[in-house]
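2 protein chains.
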Amino acid sequence: MAMTFKVTGKWVGGLRVESKVRNFSVNFDEPPSLGGQDTAPNPVEGLLAALVGCLGIVTVVVAREKNLPVEEVEIETEGDLDPRGFMGQYQVVRSGFLAIRFVVKVKGSLKEEDLQVLLEEVKRRCPLSDTLACGTVVEGKLVTA
Amino acid sequence: MAMTFKVTGKWVGGLRVESKVRNFSVNFDEPPSLGGQDTAPNPVEGLLAALVGCLGIVTVVVAREKNLPVEEVEIETEGDLDPRGFMGQYQVVRSGFLAIRFVVKVKGSLKEEDLQVLLEEVKRRCPLSDTLACGTVVEGKLVTA
Numbered sequence: 249m250a251m252t253f254k255v256t257g258k259w260v261g262g263l264r265v266e267s268k269v270r271n272f273s274v275n276f277d278e279p280p281s282l283g284g285q286d287t288a289p290n291p292v293e294g295l296l297a298a299l300v301g302c303l304g305i306v307t308v309v310v311a312r313e314k315n316l317p318v319e320e321v322e323i324e325t326e327g328d329l330d331p332r333g334f335m336g337q338y339q340v341v342r343s344g345f346l347a348i349r350f351v352v353k354v355k356g357s358l359k360e361e362d363l364q365v366l367l368e369e370v371k372r373r374c375p376l377s378d379t380l381a382c383g384t385v386v387e388g389k390l391v392t393a
Numbered sequence: 249m250a251m252t253f254k255v256t257g258k259w260v261g262g263l264r265v266e267s268k269v270r271n272f273s274v275n276f277d278e279p280p281s282l283g284g285q286d287t288a289p290n291p292v293e294g295l296l297a298a299l300v301g302c303l304g305i306v307t308v309v310v311a312r313e314k315n316l317p318v319e320e321v322e323i324e325t326e327g328d329l330d331p332r333g334f335m336g337q338y339q340v341v342r343s344g345f346l347a348i349r350f351v352v353k354v355k356g357s358l359k360e361e362d363l364q365v366l367l368e369e370v371k372r373r374c375p376l377s378d379t380l381a382c383g384t385v386v387e388g389k390l391v392t393a
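Going down the list, the protein sequences come from chains E and R. No gaps in the numbering here: position 62 of the first sequence is 310 in our numbering, and each next residue is one more. No gaps in the numbering here: position 131 of the second sequence is 379 in our numbering, and each next residue is one more.
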């Protein structure tokens with residue numbers, strides 16, 4: 249029953265990369281402090297942006313299923329990362345996120361028990377939250393074109 | 249030495265979520281098969297797009313450091329995900345990615361040993377690859393606005 253999602257992309261100069269998701273383009277760059285020109289979010293921000301998207305969508309889907317009167321949903325995320333790993337000192341500190349935190353704010357007359365159920369379902373059903381919290385198998389190779 | 253990256257966002261109707269990364273907007277939706285209107289990538293595609301961006305940037309950064317003659321970089325990623333977890337059957341299958349694969353294709357006259365060094369450095373230094381392979385601490389809460 250698994251679906252396979254595919255995304256491709258290419259380096260387009262400087263530290264800019266253009267990702268292609270079906271007919272959509274998603275651009276990345278780095279701020280000057282990390283060597284880029286700041287024309288787009290950087291990839292770690294892109295990951296947090298996707299987490300925001302996923303938490304929002306799953307909150308709405310679960311609220312609809314349970315007939316919870318959610319009128320507005322806002323999401324805040326933040327993640328701690330030490331750029332020394334990316335810079336090459338990965339024996340000192342991991343290059344990935346050290347921790348990620350999120351807050352989902354819903355507007356609507358929900359009881360405390362509804363909030364608990366909603367949070368629990370969102371955490372379990374959000375593909376991004378689950379992937380980030382538990383990790384996954386990553387296989388990669390590098391070839392000459 | 250850790251930096252904290254922040255991204256916020258809000259539900260904007262249907263299954264559409266608009267993420268805000270500093271002064272950039274990043275939109276998400278779902279295809280009709282998953283309940284949306286397909287106006288933007290979905291969040292799991294967004295995660296793969298960010299992985300593409302990160303692999304591309306790190307490949308270029310490492311190649312420059314090591315004076316490897318990389319002229320072009322293309323990246324292909326794919327990830328397997330069973331949407332039943334997202335739909336609520338998370339006791340049957342995890343909601344996150346079951347596996348992620350990537351291929352980085354570089355154009356340039358590189359020796360086999362250069363490719364091996366480049367791949368090893370990219371895997372270790374790419375913050376997205378490290379986060380996905382190893383997971384991270386995710387803390388979340390849900391509150392009423």
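Rather than coming from a laboratory, the hints here were simulated on the basis of the structure. Note that the coordinates shown come from a computational prediction; the quantities given were computed from them, not determined experimentally. Be a bit skeptical, because a hint or two may be false.
A pair holds if it fits inside one copy or across any two, identical chains being indistinguishable in the list.
Here are the computed lysine-lysine pairs in the BS3-like style, where the Cα-Cα straight-line distance is at most 25 angstroms [claimed, not checked]:
(1) Lys359 to Lys254
(2) Lys268 to Lys314
(3) Lys254 to Lys389
(4) Lys359 to Lys268
(5) Lys314 to Lys254
(6) Lys359 to Lys389
For each hint, the structure was consulted:
no., hint, result
1, Lys359 to Lys254, "neither (40 angstroms within a copy, 29 angstroms between copies)"
2, Lys268 to Lys314, "neither (35 angstroms within a copy, 28 angstroms between copies)"
3, Lys254 to Lys389, "within (16 angstroms within a copy, 31 angstroms between copies)"
4, Lys359 to Lys268, "neither (42 angstroms within a copy, 29 angstroms between copies)"
5, Lys314 to Lys254, "neither (32 angstroms within a copy, 30 angstroms between copies)"
6, Lys359 to Lys389, "between (50 angstroms within a copy, 15 angstroms between copies)"
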